[in-house]
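*Asks:* Given chain A, put chains B, C, D and E in place with the hints provided.
Chains as they are written, first to last, in the working numbering: chain A, 1 to 658; chain B, 1 to 359; chain C, 1 to 319; chain D, 1 to 164; chain E, 1 to 277.
Misleading hints may appear alongside valid ones.
Covered, in the sense of this in silico footprint (three residues per stretch, anywhere, with C-beta under 8 Å from a C-beta of chain B), are these stretches of chain A [stated by the list, open to error]:
| no. | stretch |
| --- | --- |
| 1 | 23-31 |
| 2 | 645-653 |
Distance windows between CB atoms, simulated [unchecked claim]:
| no. | chain 1 | residue 1 | chain 2 | residue 2 | range |
| --- | --- | --- | --- | --- | --- |
| 3 | A | T476 | C | E310 | 28 to 38 Å |
| 4 | E | N275 | C | E45 | 27 to 37 Å |
| 5 | C | D297 | A | P206 | 51 to 61 Å |
| 6 | C | D288 | E | E19 | 43 to 53 Å |
| 7 | C | N91 | A | A581 | 17 to 27 Å |
| 8 | E | N275 | A | A581 | 23 to 33 Å |
| 9 | C | D172 | B | E207 | 36 to 46 Å |
Straight-line Cα separation of at most 16 Å, EDC-like style, residue types lysine to aspartate or glutamate; simulated pairs [said to hold, decoys possible]:
| no. | chain 1 | residue 1 | chain 2 | residue 2 |
| --- | --- | --- | --- | --- |
| 10 | C | K113 | B | D244 |
| 11 | B | K91 | A | E57 |
| 12 | E | K271 | E | E203 |
| 13 | C | K113 | D | E155 |
| 14 | B | K91 | A | E592 |
| 15 | B | K91 | E | E180 |
| 16 | D | K7 | A | E483 |
| 17 | B | K91 | E | E10 |
| 18 | C | K308 | D | D103 |
| 19 | C | K301 | A | E592 |
| 20 | E | K85 | B | E270 |
| 21 | C | K110 | B | D244 |
| 22 | D | K7 | A | D106 |
| 23 | B | K214 | C | E137 |
| 24 | C | K67 | B | D244 |
| 25 | E | K85 | C | D231 |
| 26 | A | K468 | A | E483 |
| 27 | C | K88 | A | E592 |
| 28 | D | K149 | C | D194 |
| 29 | B | K91 | E | E229 |
| 30 | C | K40 | B | E240 |
| 31 | A | K59 | E | E90 |
| 32 | D | K149 | C | E193 |
| 33 | A | K59 | E | D93 |
| 34 | C | K308 | A | E448 |
| 35 | E | K85 | A | D128 |
| 36 | A | K610 | C | E87 |
| 37 | D | K149 | B | D43 |
| 38 | C | K114 | B | D33 |
| 39 | A | K177 | A | D259 |
| 40 | C | K114 | B | D244 |
Think of the hints as simulated: they come from the structure by calculation, not from any bench.
Built from N, CA and C at the ideal position, the CB exists for glycine as well.
The chain contents come next:
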Amino acid sequence: MRIGVFVCHCGSNIAGTVDCEKVAAAAKDFPDVVYSDDTMYACSEPGQQGIIEAVKEHKLTGVVVASCSPRMHEPTFRRAVERAGLNKYMFEMANIREHVSWVGKDKELNTNKAIDLVMIAAEKLRRDKPLISKKFDINKRVLIIGGGVAGIQAALDCADGGLEVVLVEKTTSIGGKMAKLDKTFPTVDCSSCVLGPKMVDVAQNPNITLHTYSEIEEVGGYVGNFEIKVKKKATFVDWEKCTGCGLCMEKCPSKKSFDYFNEGIGTTTAINIPFPQAIPKKAKIDADFCRKFTKGKCGVCAKICPTKAIDFEMKDEIITENVGAIITATGYDLFDFKKYAEYGAGKYPDVITSMQYERLMSASGPTTGHIKRPSDGKEPKNIVFIQCVGSRDKSVNRPYCSGFCCMYTAKQAILTKDHIPDSQSYVFYMDIRSPGKSYDEFVRRGIEEYGTEYIRGRVAMVYPVGDKLIVRGADTLAGSQVEVEADLVVLAVGAESAVGAPQLAETLRISYDTYGFYMESHPKLKPVETNTAGVYLAGACQGPKDIPASVGQGSAAAAKVLALFSKDQLESDPQTALVNAARCIGCYKCVETCPFGAIKEIEDRFGNAKAEVIETICQGCGLCSVTCPQSAIQLQHFTDNQILSEVKALCPSMMEKS
Amino acid sequence: MSEKKFLKNESVIPFIEGLAGGRKVLVPVCEGDAVIYRPYRKDCRLELTRMPTISPKDATFPRTETLMTFKQAPVAKTEGDGEGDSDAQPKLELTETLPEEKVVVFGSRPCGARGKSIFTRVYETEDVKDPYFIGRRDNTLFVSIACAAPETTCFCTSVGGGPADTTGSDVILIPVDGGYVAEAVTEHGAELLQSDLLTSGADKAGEAEAVIQKSMELLGDADDFSIAREKLIELFDNDEFWFDMSAKCISCGTCTYLCPTCYCFNITDETAGKSGKRIRTWDTCMSNMFTMEASGHNPRTSKANRLKNRVGHKFSYYPSLHDKVIACCGCGRCIKSCPAAVDIREIVKSAQEYEDVNE
Amino acid sequence: MTGLEELKTKILGALPELDVVIGWEQGYDALNATPLFIRKPEDVERLIIGPLCAHNLATYLPGLKDKKVGIVVKGCDSRAVIELLQEKLINKDNITIFGLKCDGVVNLNKIRKKIGDLGQIRKVVFDSGIITITAGETDHQLKFSEVRMDKCDTCKYPNALLFDHFIGTPDDRQNGIEPEHISDAEFEKMSLEDRFAFWKQEMSRCVRCYACRNACPMCVCRDHCVAVTRDPHWISQENDTADNWMFQMIHVMHLTGRCVECGECERACPMDIPLMLLRRQMNKGVRDVFEYEAGIDPQGKPPLLTFKVEEDNIPEREW
Amino acid sequence: MPVYDGKELRIIGFLCNWCSYAGADTAGVGRFQQPTDLRIIKVPCSGRIDPLFILKAFQGGADGVLVSGCHPRDCHYAEGNYYARRRLELLKRFLPVTGIDPDRFEYTWVSASEAPRWQHVVQTFTDRIHKLGPSPLLAAPLTDAEMAKLQSQVEAGSGCGCHK
Amino acid sequence: MSMNNPYLPEMATINEVIEETHNIKTFRVTLNDTEKMKNFTFEPGQVGQLSVFGVGESTFVINSPPTRMDYLQFSVMRTGEVTTKLHSLEAGDQIGVRAPLGKCFPYEDMKGKDIIFVGGGIGMAPLRTLLLYMLDNRKDYGNISLLYGARSPNDMAYSYELDEWFSRKDLDTTLTIDVEFPDWKHRVGLIPNVLLEMNPSPENCVAVTCGPPIMIKFTLQALKKLGFEDNQIVTTLEKRMKCGVGICGRCNIGGSYVCKDGPAYTYEQLKQLPNEL
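Looking at chain A on its own, in the form it has when it is part of the complex (with noise of 0.2 Å):
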């Protein structure tokens, strides 16, 4: 092997504080180094046309540069290497500017640990192979998993651009929490004549296959080719035959079943359409509360259901779809308010969650839009409102903020006013985020035009007097305790990720944080992508977000899936595990912890088990090079072989050091 190596002074980034020169020197000096030499700027136009002139006129068959972070330059070394005529993969990099000249005052002593980084670049490159990216065709469906309205822009956006959509949505109808919103703020228009519209083109958009009252099962595959086994949950309705006439709600005599639509204020039947506007218009019955399921006995809904469609005896069902991308759209889920109790969330029936005040105030919700209090029906009159409820409380391990509620408890103090012009709004607040577009403006309406009181400070607790609830908290800005009596109080529950994120995270592999939010790939740079290919990210799954912010990342989202599918082939990284057929005894015990499935059991012509690394699926953890005992699966790139002679040459193992 002739290695050449290419010392850059970063202008005096690195020059500064490490001596190139002497590095460049001492680097000749290793283990076939055939060329040395120190660049000013080695990422420059011609520090690069350098690199590609000395593999030429040298003969090098790899590179070594020693420069800033891998992470920073390493594609463009490797487009030049490649341009030299190298495979891009007979390249290392030392990184002696983020490790060293940056981070190290002693010259003397950076010199010294710049020379070594450049040394094990150098043991690790003799141990090199070329690589090669291997191509495969692409399934070019996408699945988008969670139909509110994240999954819906991105939806309509990928059919738009011609692509087949599954939509797999866990409820009954698409809409989402959006859906149950009255208004939204800061244009106080009303949700659903926003949302409606895209809803119906879901549903009527022939390449977007919805599939409501379904989740994921399992997802098998790779970028290009997953295959997804959905599970249909049994409605107990045939969708077929369904017209979603609502004679069945009628006639239902279990009428006080849960309405999950308008969050438990008020009832519903057995068997229901959520919704008025639900996509589908289907009705479900919940086994829960119908008599044919609790009692044994009833089937009212089936002798006079028009089309004959209900079925008591239907079962899951499983299916199968095909794609080459994921996009998951799961939203979020409000925090449990009943662990404050000092709110008397749960306790008192007026204390109420910003949810379900939002039913209150909706149109189409249990009291058609007159907002009443839940435990007499009364009008209230002074309404408190209290923010970050589960969230920036460490108490309740919700050290985030939400992001809207400051947003939504403005816009839901307005409408209040709108609603009840007699009416008085408190909200106790810790501080007011409103950093979006006209959305300041929105919250100092609501105080100049709308007299809302904001109080800042924490409650410290509610209890009823009478028919009424006292709220006591402490004003910090006035350095007094208040006390506030209110007829309802409004909790400004804070998101928190979805029930079975985590869940579904790892069915389809990808990481999530403490909270259960998906982790996305850079936090900066690749905000809707995961770490595994071909899964991406939209809307609340990754961070509690409003709706322009979800509305916008799932057309990012279905903006990266287009891309992903310009091609026709896709290339994989080739920095993936190897099995040595030879050594391998077919204990797949690398099976057992790949985290990516992307290791299977196979037998080769003698009829021995061997394991086989499939290289699509294959991310380059090398997880399972440390998993196999005799090393007969070895990461490429990151050899055992590799990662020693790295130690050994740190490492010598002589007796030099006294």
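*Replies:* Below, chains B, C, D and E alone, put in the same frame as chain A:
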């Protein structure tokens, strides 16, 4: 044989210390339950009554021997301007590393010392002379202690040796009451016995004779392994026989590594930076890797193949090439230390007694 | 152990369905047992069981993968069978287990330590806790409890844990000894410096014969062991202390969470290197951290092949 | 290269590419000054780190070994650091058995954004290793004093009980 | 340095590297010590150990004939660590050579006889040295014919020499490949079958064959069918070797050490050895 001398028990340590002048002295010491050869150190746990766990071959055929060292000479130039001969290939400097150390092994058993005679027939022939082995052999003296209490695993008399066999020894010590009757076998041995610590041992000759006689009795009748030469070849293709014989073998190298006569080795290169060395290390024919070719082909894939080679080599191939001398000295280490108690005597006997039922 | 006749009968009954049954027979002398491979009914006559039958025969199972194999196991041996099953290295359908209860097995090294080289052994008798060895003309009497293997001192599993046939009735004895090894207490008192020097000396003795590895029922790589490969090149063939040490580290690390403490490595070691000390100490870590013992539950999962998002006994890293 | 005489000790770091290596980069960008002893070997994931690499480093005379990966739950590969945590914790508990001071080995989690934390880790660990000084060497022969001590331990029946 | 250390290689320089096939390269090597190079002698069929220092040694037949001593030629198929490293070397690189080792073909006994060479793939290498030696001493031998086969034309080493061999009137060359290939003008078929078709007379003839084990097996059967006696068939063996001088003990077949007593054996000799190939 030269005159008999007497070494009192109390004089053993001074005698060993006297040997140390100019030579490294290896003595059997007890570590754990194992008795191994270590350079003599004051107050070490000398163990002269038990047979050392490992044979003394390490002295003449070390576990690791550096055959040569090499070093890549630095590349002359390179200052990036392309001048001069930057394409020149790095030159290599090769240095032969022959052993020079002078050694005395004190306390080996006759069977252990005998082992090197098996080496010599292979390592020093007309065609080839192994300078490392020869160098060490010529620089190493063996002071052996005759065997007074053979164990059930011993069978030296069946393979041409005996409890007081002198082959390979320079001095033989016969344990008697209160000390050892010492006799020089070689001139070098005689020089070692010049020490004032020894007294005349003529009067103890009878006692020494009796000790050996007793030992011979304990060993019982010698087995005749002479027909094994043909018999093992005949059985070469009898897979069932070897499959049976090797069933309990676990393919480790204990038998070969402890053996005084097993002389096979491996050669590998090790490097650190630009320098390196070519070393030879003990190897074992019981390992699958021993004959594994780079292509993946292996003529001895099963432990049956490998055991067959070990037994065959010692009792057939070697004797056929070297005047019927069996390449085994009957020390029994391979039996006693075998984790599965594979008994080479039984295998050879089974082969000799084998009758093909199909014939 | 009792019930040799019962065992013989059961083996004879099962033999027609099996390629081989692995048990023990007397070896080269009365104090030596050796594995016995029973293929024909007449082989059964040579079968023995008892305190000399130390070999863990499970070691042979992975090598007989496609055969129908019967195997005689003690409690500790059965753990190796279970671990092999757990790791899918053998197939239960092919294995018939004859389970024994065991009162401990002899460590020949301990006997040698007590009475030196044994010379010509003529007779060995075990009687009520005393072992009488007739060597030459001398009778040596030793307490069995002083010459049994260390693992027997603390044995928690005298009965085979998994079996198709159990011989006799299971022993309900509880040793009442915590699985902390008596001798380890002294080791644990040693300073780090002393331990380092101690292992240096022990490892300098290793001849890299790989008996420890090949005797180990859990060392299933065998021919593919990284100790002898150049890719990966973990260790050189140099037989020096540092490389020997590294080899033993490889062995220990590869057994992490898998070692059933059968003691075969130490028994096999001709150099009497206290390999079990390393394993017991590692297993102690495994017990402390994962509350796990290898080879108990065929459905269990070795701790390094799985994880918990919140580990019960691993403290959060503080910095 | 030998360690820099007298000033440095031999400290090896194994860092996962996605969090800790990036965190060290971030520390560099932020000019968070650190001691120079540490030499970083980049691996894709802490799950790629075979505990044997660490033992190999000690065999070769490393004075300290530091492993750093993504925080649990934040693994780029979803699960790699969970496996790493188990392996490394056992190694840490096992090291004293070999006589290697467990303080010479540390594993920790540093994310890409935690530059000050990385600086703190490097500083603290380097200080600790300097306090411990050079590690004992396997390659160095036992001294007569050590041999004598070992023998006396055996004879006194103390030390390792295995050879009583 | 001692002159007789059998383990000590001579330093040598690679003068030329020829890429024969996708996995075979030929190296032309001269000893650095010009005096030793000038006095170097060997006989056809003897082998050499090539050293890549730091990696190890591997055995290859010297496939240039002793009659052409400008360089020593070795053909190397890439299979293991050493051969992979050798393949990365170029002209000018330094290697070590221990040669000659082993026994040669019984070329003296073949004098005055007809010779048929049957070579498969890399097995052509040992045949080449003897073939060229005989061509250089043409008058000593009777009719010489060569049957050389490979999987495909791309797997055929020494393709650049074939024209010359074809053009010679005193050599009858037949080429074959296993399966049809575009533009292939020679025979198609497995070597043993082609051999049977060629139907050479065993009368005063010696067959020299070398190739992969499976080819050897069937070629031997074919030769027997054609009436060749055991002592009329010569072949070479391959084993894992280390020392090259019959000491280290791994290349034995019974009491015969392939490195020292081989690699060339007559079939008659082979039959006396235990069956362990």
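*Asks:* Now, for every hint given, state plainly whether the structure supports it.
*Replies:* Hints, verified against the model:
no.	hint	in the structure
1	23-31	holds (count 4)
2	645-653	holds (count 4)
3	T476(A) to E310(C): 28 to 38 Å	holds (36 Å)
4	N275(E) to E45(C): 27 to 37 Å	holds (35 Å)
5	D297(C) to P206(A): 51 to 61 Å	holds (54 Å)
6	D288(C) to E19(E): 43 to 53 Å	violated (59 Å)
7	N91(C) to A581(A): 17 to 27 Å	holds (21 Å)
8	N275(E) to A581(A): 23 to 33 Å	holds (28 Å)
9	D172(C) to E207(B): 36 to 46 Å	violated (59 Å)
10	K113(C) to D244(B)	violated (34 Å)
11	K91(B) to E57(A)	violated (21 Å)
12	K271(E) to E203(E)	violated (22 Å)
13	K113(C) to E155(D)	holds (13 Å)
14	K91(B) to E592(A)	violated (49 Å)
15	K91(B) to E180(E)	violated (47 Å)
16	K7(D) to E483(A)	violated (66 Å)
17	K91(B) to E10(E)	holds (13 Å)
18	K308(C) to D103(D)	violated (25 Å)
19	K301(C) to E592(A)	holds (10 Å)
20	K85(E) to E270(B)	holds (15 Å)
21	K110(C) to D244(B)	violated (31 Å)
22	K7(D) to D106(A)	holds (11 Å)
23	K214(B) to E137(C)	holds (13 Å)
24	K67(C) to D244(B)	holds (15 Å)
25	K85(E) to D231(C)	holds (13 Å)
26	K468(A) to E483(A)	holds (12 Å)
27	K88(C) to E592(A)	holds (12 Å)
28	K149(D) to D194(C)	holds (8 Å)
29	K91(B) to E229(E)	violated (51 Å)
30	K40(C) to E240(B)	holds (14 Å)
31	K59(A) to E90(E)	holds (11 Å)
32	K149(D) to E193(C)	holds (11 Å)
33	K59(A) to D93(E)	holds (13 Å)
34	K308(C) to E448(A)	violated (53 Å)
35	K85(E) to D128(A)	holds (13 Å)
36	K610(A) to E87(C)	holds (15 Å)
37	K149(D) to D43(B)	holds (11 Å)
38	K114(C) to D33(B)	holds (10 Å)
39	K177(A) to D259(A)	holds (15 Å)
40	K114(C) to D244(B)	violated (35 Å)
Hint compliance for this structure: hints 6, 9, 10, 11, 12, 14, 15, 16, 18, 21, 29, 34, 40 are broken, all remaining hints hold.
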